[in-house]
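> Chain by chain, the residues:
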Amino acid sequence: MCGIVGYVGDKEAQEILIDSLKRLEYRGYDSSGIALLSESGISLKKAVGEIAVLESIMDRMPGKIGIAHTRWATHGKPSVENAHPFVDCTNSIAVVHNGIITNYMSLKESLAREGHKFRSETDSEILAHLIESAEGGSLVEKVRNALKSVQGSYAIAVVGRGYDEIIVSRNESPLVIGLGHDENFVASDVTALLRYTNEVVYLQDLEVARITRAGIEIMTLDGKKVQREPQKVSWSVEAAERGGYPHFMLKEIFEQPQAIHDSLLGRLGGTEDEIDLPPGRFTSVKILGCGTSYHAGLVGKYIIEEFSRIPTMAQISSEYRYSPVTESSPLVVCITQSGETADTLAAAREARRRGCKTVAITNVVGSAITREVDSVIYTRAGPEIGVAATKTFVTQLIALYLLGLRLGRTQGSLSSEQHREILSSMRSLPRIVQRVLNSADSLHDLARKYRNAHSMFFIGRHINYPTSLEGALKTKEISYIHGEGYPAGELKHGPLALLCKDTPVVAICVRDHTYEKMLANVREVAARDAPVIAIGTEGDRELDKFAEDVFLVPDIEPLFTPIPIIVSLQLFAYYLALERGCPIDKPRNIAKTVTVE
Amino acid sequence: MRNYEDPKYRFKMERVENLKAVILAAGEGKRLRPFTYSEPKVMIPVANRSIMDYVVRALVENRITDIVMVVGYRKERIMSYFGDGSDFGARISYVHQEKQLGNGHALYVAKEHIDGDFLVLPGDSLTDSRAISDLLSVGAGHGALVIEGTMPAKYGVAVLERNRISDIRDQHAEGATNIILTGAYKLPKSVMDTVEMFVDEGNHVLSQAIRAHLPKMQLQPVFCQGLWIDAVYPWDLLEVNHAALTHAPVKTAGKIEEGVLIQGKVSIGEGSIIRSGTTLHGPIAIGSGCDIGPNVSIFPSSSIGDNVTIEPFTFIRNSLIMSDCSIGPHSFISQSVLGYGVQIKSHLMASSADAYVNLEEEFFKVPNIGVLMGEDCTVGSGVTIEPGTIIGPRCRIASGARVSRNLPTGAIHS
Chain V
468 MCGIVGYVGD KEAQEILIDS LKRLEYRGYD SSGIALLSES GISLKKAVGE
518 IAVLESIMDR MPGKIGIAHT RWATHGKPSV ENAHPFVDCT NSIAVVHNGI
568 ITNYMSLKES LAREGHKFRS ETDSEILAHL IESAEGGSLV EKVRNALKSV
618 QGSYAIAVVG RGYDEIIVSR NESPLVIGLG HDENFVASDV TALLRYTNEV
668 VYLQDLEVAR ITRAGIEIMT LDGKKVQREP QKVSWSVEAA ERGGYPHFML
718 KEIFEQPQAI HDSLLGRLGG TEDEIDLPPG RFTSVKILGC GTSYHAGLVG
768 KYIIEEFSRI PTMAQISSEY RYSPVTESSP LVVCITQSGE TADTLAAARE
818 ARRRGCKTVA ITNVVGSAIT REVDSVIYTR AGPEIGVAAT KTFVTQLIAL
868 YLLGLRLGRT QGSLSSEQHR EILSSMRSLP RIVQRVLNSA DSLHDLARKY
918 RNAHSMFFIG RHINYPTSLE GALKTKEISY IHGEGYPAGE LKHGPLALLC
968 KDTPVVAICV RDHTYEKMLA NVREVAARDA PVIAIGTEGD RELDKFAEDV
1018 FLVPDIEPLF TPIPIIVSLQ LFAYYLALER GCPIDKPRNI AKTVTVE
Chain X
154 MRNYEDPKYR FKMERVENLK AVILAAGEGK RLRPFTYSEP KVMIPVANRS
204 IMDYVVRALV ENRITDIVMV VGYRKERIMS YFGDGSDFGA RISYVHQEKQ
254 LGNGHALYVA KEHIDGDFLV LPGDSLTDSR AISDLLSVGA GHGALVIEGT
304 MPAKYGVAVL ERNRISDIRD QHAEGATNII LTGAYKLPKS VMDTVEMFVD
354 EGNHVLSQAI RAHLPKMQLQ PVFCQGLWID AVYPWDLLEV NHAALTHAPV
404 KTAGKIEEGV LIQGKVSIGE GSIIRSGTTL HGPIAIGSGC DIGPNVSIFP
454 SSSIGDNVTI EPFTFIRNSL IMSDCSIGPH SFISQSVLGY GVQIKSHLMA
504 SSADAYVNLE EEFFKVPNIG VLMGEDCTVG SGVTIEPGTI IGPRCRIASG
554 ARVSRNLPTG AIHS
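Protein sequence lines correspond, in order, to chains V and X.
Under our numbering, the first residue of the first sequence is numbered 468, with each subsequent residue one higher.
Under our numbering, the first residue of the second sequence is numbered 154, with each subsequent residue one higher.
It is possible that some hints are incorrect.
In silico lysine-lysine, DSS-like type, Cα no more than 30 Å apart, as pairs [what the hints assert, rightly or not]:
#1 699/V - 369/X
#2 264/X - 699/V
#3 544/V - 943/V
#4 342/X - 615/V
#5 615/V - 408/X
#6 252/X - 575/V
#7 916/V - 252/X
#8 1053/V - 1012/V
#9 544/V - 408/X
#10 342/X - 575/V
#11 1053/V - 984/V
#12 264/X - 252/X
#13 369/X - 575/V
#14 404/X - 615/V
#15 544/V - 478/V
#16 342/X - 699/V
#17 544/V - 404/X
#18 404/X - 691/V
#19 984/V - 943/V
For the chain X half of the interface with chain V, some residues (derived, Cβ under 10 Å), not all of them [as the list claims (entries may be wrong)]:
#20 216
#21 218
#22 229
#23 231
#24 233
#25 244
#26 251
#27 461
#28 485
#29 493
#30 520
#31 529
#32 558
#33 562
Covered by chain X, according to a simulated footprint, are these stretches of chain V (three or more residues, beta-carbon under 8 Å) [stated by the list, open to error]:
#34 585 to 592
#35 719 to 733
#36 889 to 895
#37 900 to 910
Simulated from the structure, these hints should not be mistaken for laboratory data.
Ideal placement from N, C-alpha and C gives every residue a C-beta, glycine not left out.
Next up, chain V with everything else stripped away, as it sits in the complex (with noise of 0.2 Å):
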């Protein structure tokens, strides 16, 4: 997930550094930094957060050639010191590095004897000082014999003092080579140089390259010279980006399965799980986020007290501040996607400052919500661009059912039993979502046959109210329909007066011991002619008899039904958008991040 950008030229490298750096930013970043080579040496800069941040702390500096890297971490601290480029022990070799070095323990043991002095934890920064101490009369020389030990992934750009010129190689980790006149790039991908070129070489495994100003040169590891003709890219920007799919929401939609599948990965194996909670018995928990988030924090609601039956409450964060503070000190779960969302922020700060042990759910390691608090639970929904959340509600669900399912252990509520079933039931999620997905088109259907709709209601009962809320939210930021979501026995205590026939409901009903009270709202409804399209599980053969449409979705344990459920009613809003043709990636007046109270 890491990005690579390089410049050797007869521009200044450090704005064409940074610009390269922000359009490898839609992967995702948590750290970056840059080196510049001049006559005066080595100077480097690196920075935690945004490229923006690194970009703020740089006055100008020299340099004609240059290197500089985005890191998005999936394991392990986002710091200054874990941050790339890496300098040798001399400041005259900087290495930016993507990948896995397998072999790197060993090769740090025997750089340490050598006296090599190391100044990060990271397998990258042993490349520097690889190279530093490998043979050879030459820059490229000395990468190639440094690079014959190193096992495993990588795509590295290497620059060093003395040498006008940037030294490139790779194995299994993209990189190519741009090339302009009079100036030369390089990059992790292509999106990064397609402002400034379409000309590219992409350089294969166990290649190196040398690149200066005036053109490249290819060899394999031994140094045998490899003849390679330039390509011509002739993608835009943004469909370079979306692989294929018309829009970055619809392939986050369909990207569901697979995150679903890392956010489990290593979670379910039983003795030693990765979910880490503050120690403590908890006699209350309470769950805080804004918009999406808190509304997966409502289904986290009844899914801890399910599983754990301790009392919880989910609240929204910008009013968390102002409840008072209760006898008893309450868990506190912070869920923010991006960890920067300014009221979650403030709410944790409140709530330790009350004395209470916090839990943050997030997509982003080392995200400002991180270090305030105790411990943090993280969703691997890799970057989410399109502006309505899709697949990073769905993994904070998971998160959320990882969490339940914890205290519910430590609890002693859960026997071993219906532990087992839990993990049987959440082992089959991603295929319950593949299953959807597979249906999209009758989602589309349905979607051109409401597309007209002004406004539109949700409703559900139990763990599914919280799904009709998330449910109605898609609809209304992308559609721009006015959805509303409703818990469906407060109908008749309002909303029912402006039920016609132009007004779809839709309604969740599944088979739990809310079901035939749905039923029972469905029939209300459909009696003021308004459409019903219902959200059922597959095998129910009532809801046809009431309602206009239908939508199945597999059947599984009632208490995992809102993943499967909300992605068909992502997919359907997606569809209404489409139908109307709105501006799907984004919405007007939202951002993705909301980093103001």
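Since chain V is already given, all that's left is putting chain X on it; use the hints.
Below, chain X alone, put in the same frame as chain V:
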């Protein structure tokens, strides 16, 4: 030091016509049912990578990185897997074939992308970089990759005249040869005119357009020395899987408990746990997030997808188990294919023998075959399934049942 300003070291900057590859991946691959229910044939995993993954890697290893995929049936599965190609060192663009009329039409919809000589390949044959370099050996000329044999030839057979293909015929027609066309070609741009003409006339078969174009080009036969296997029938997947396992590199991650016996080529994915007393006899590929054992035996040549659980005392031999399956204790699975998300309670008996397999009311004698089970089936405890049985997707088989005939999609068997 050399002077790199010298033009002779300078990279040729004039526009070079680089060779593009068009991969045809829009069709479902109906003959591979029940395994094409939620993804096209090109995406069926063998050794835990889709078949087309091998095609893309083979191209990239030959430095063909500009790839156009013609997609249609379940295209999202393909796009989510390959993305923009950067994970593969390639640049992949997608062309959508709305209706899967035929491979000639599929190539026709990609015509905007063709600006010179190009490669066209079917995405559903397992191949390696050697096969692609064979095809590229025609240099500046044009050629068709062929193999000798008597297996089914869905793209026809070639009639040779000196070193060129003079005619393309149906395998069962008069004058047919044993030179089987693989469907992989290096072609001139001009062939697109003929393809277009044929499409306009409603003929969507690529080999017929190429046949008509034969007088206008020198199409050389290139005998494939590398790997080229096409799964024509669902049971062929076992052979393709075996070839892929032999070919794929070994990577080991995850957690292996004490007392696990590993022999031969065994790959284990990240976050998987192999519990004590388990025997893994390679070639085997195990995906990520699996929980296997204790005391499970897996024998060659088997692939186990991601997120699969296999409980104690289960025996698996030469089988393809796709992702998200859960196999309960004391099961015996031999020479079988299980689709995604199959749930088996316990004590499944899926043994293998020579059997007559009923494929859409046509009977095939298949040696040593087990069970072919589509995705998301649920199987109760103590079920016995006769060798050579095909179970459609989403069937439910009750505990204690004995299944001796094929089951259609969604069937309930008690």
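> Next, verify each hint and record whether it holds.
So, going through the hints one by one against the coordinates:
1. Note on residue 699/V and residue 369/X: the hinted pairing holds, with a Cα-Cα distance of about 29 Å set against a maximum of 30 Å.
2. A distance of roughly 17 Å separates the Cα atoms of residue 264/X and residue 699/V; the hinted pair therefore holds under the 30 Å criterion.
3. Taken as a hint, the residue 544/V and residue 943/V pair is broken in the structure, with Cα atoms around 37 Å apart against an allowance of 30 Å.
4. A C-alpha spacing of about 42 Å is found between residue 342/X and residue 615/V, which places the hinted pair above 30 Å, so the restraint is violated.
5. With a C-alpha separation of about 28 Å, the suggested pairing of residue 615/V with residue 408/X holds against the 30 Å cut-off.
6. Distance hint between residue 252/X and residue 575/V is unfulfilled; the C-alpha atoms sit about 57 Å from each other, more than 30 Å.
7. With a C-alpha separation of about 23 Å, the suggested pair residue 916/V and residue 252/X falls inside the 30 Å cut-off, and the hint holds.
8. Proximity of residue 1053/V to residue 1012/V is assessed by CA-CA distance (about 39 Å); at most 30 Å being required, the pair is judged violated.
9. Under the criterion of a C-alpha separation no larger than 30 Å, the hint pairing residue 544/V with residue 408/X is consistent with the structure, at around 23 Å.
10. Proximity of residue 342/X to residue 575/V is assessed by CA-CA distance (about 54 Å); at most 30 Å being required, the pair is judged violated.
11. Proposed proximity of residue 1053/V and residue 984/V is contradicted: the alpha carbons are some 38 Å apart, above 30 Å.
12. Straight-line distance between C-alpha atoms of residue 264/X and residue 252/X comes to about 16 Å, which keeps the hinted pair within the 30 Å bound.
13. For the proposed pair residue 369/X and residue 575/V, the alpha carbon gap of about 62 Å is over 30 Å, so the pair is violated.
14. With a CA separation close to 19 Å, the supplied pair residue 404/X and residue 615/V stays within the 30 Å bound.
15. Note on residue 544/V and residue 478/V: the hinted pairing is violated, with a Cα-Cα distance of about 34 Å set against a maximum of 30 Å.
16. Only pairs whose Cα atoms come within 30 Å are accepted, and residue 342/X paired with residue 699/V is accepted, the gap being roughly 18 Å.
17. A C-alpha spacing of about 26 Å is found between residue 544/V and residue 404/X, which places the hinted pair at or below 30 Å, so the restraint holds.
18. At most 30 Å may separate the alpha-carbon atoms for a hinted pair to count; residue 404/X and residue 691/V meet this at roughly 28 Å.
19. Proximity of residue 984/V to residue 943/V is assessed by CA-CA distance (about 27 Å); at most 30 Å being required, the pair is judged to hold.
20. Look at residue 216/X: its Cβ gets to within about 7 Å of chain V, closer than 10 Å, so that hint holds up.
21. The restraint placing residue 218/X at the interface with chain V holds, with a minimum CB-CB distance near 5 Å, inside the 10 Å limit.
22. Because the smallest distance between the Cβ of residue 229/X and any Cβ of chain V comes to about 5 Å, under 10 Å, the interface hint for this residue holds.
23. The interface hint given for residue 231/X is met, as the beta carbon of that residue sits about 8 Å from the closest beta carbon of chain V, less than 10 Å.
24. Checking residue 233/X against chain V by beta carbon gives a least distance of about 5 Å; that is within 10 Å, so the hint holds.
25. Residue-level restraint check for residue 244/X holds (minimum Cβ-Cβ distance to chain V is 7 Å; threshold 10 Å).
26. Residue-level restraint check for residue 251/X is violated (minimum Cβ-Cβ distance to chain V is 13 Å; threshold 10 Å).
27. For residue 461/X, the interface hint holds, the least distance from its beta-carbon to any beta-carbon of chain V being 9 Å, beneath 10 Å.
28. This hint is violated: residue 485/X has a C-beta 21 Å from the nearest C-beta of chain V, more than the 10 Å allowed.
29. Taking 10 Å as the C-beta contact cut-off toward chain V, the hint placing residue 493/X at the interface holds, the least distance being around 6 Å.
30. The beta carbon of residue 520/X is not positioned within 10 Å of any beta carbon in chain V (closest approach about 32 Å), and the interface hint is therefore violated.
31. A hinted interface residue such as residue 529/X counts as satisfied when its beta carbon comes closer than 10 Å to some beta carbon of chain V; here the least separation is about 7 Å, so the hint holds.
32. Given hint, residue 558/X at the interface with chain V, is violated; its Cβ is 24 Å from that chain's nearest Cβ, farther than 10 Å.
33. Hint status for residue 562/X: violated, given a least beta-carbon distance of 13 Å to chain V, over 10 Å.
34. Judged by the Cβ-Cβ criterion of 8 Å, the stretch 585 to 592 of chain V is not covered by chain X as claimed, because only 0 of its residues qualify and three are needed.
35. With 7 residues having a Cβ less than 8 Å from any Cβ of chain X, the stretch 719 to 733 of chain V passes the three-residue criterion, so the hint holds.
36. Proximity of the stretch 889 to 895 of chain V to chain X, defined as three or more residues with a beta carbon under 8 Å from a beta carbon of that chain, is established by the 3 residues found.
37. Counting residues of the stretch 900 to 910 of chain V whose C-beta lies closer than 8 Å to any C-beta of chain X gives 5; at least three are required, and the coverage claim holds.
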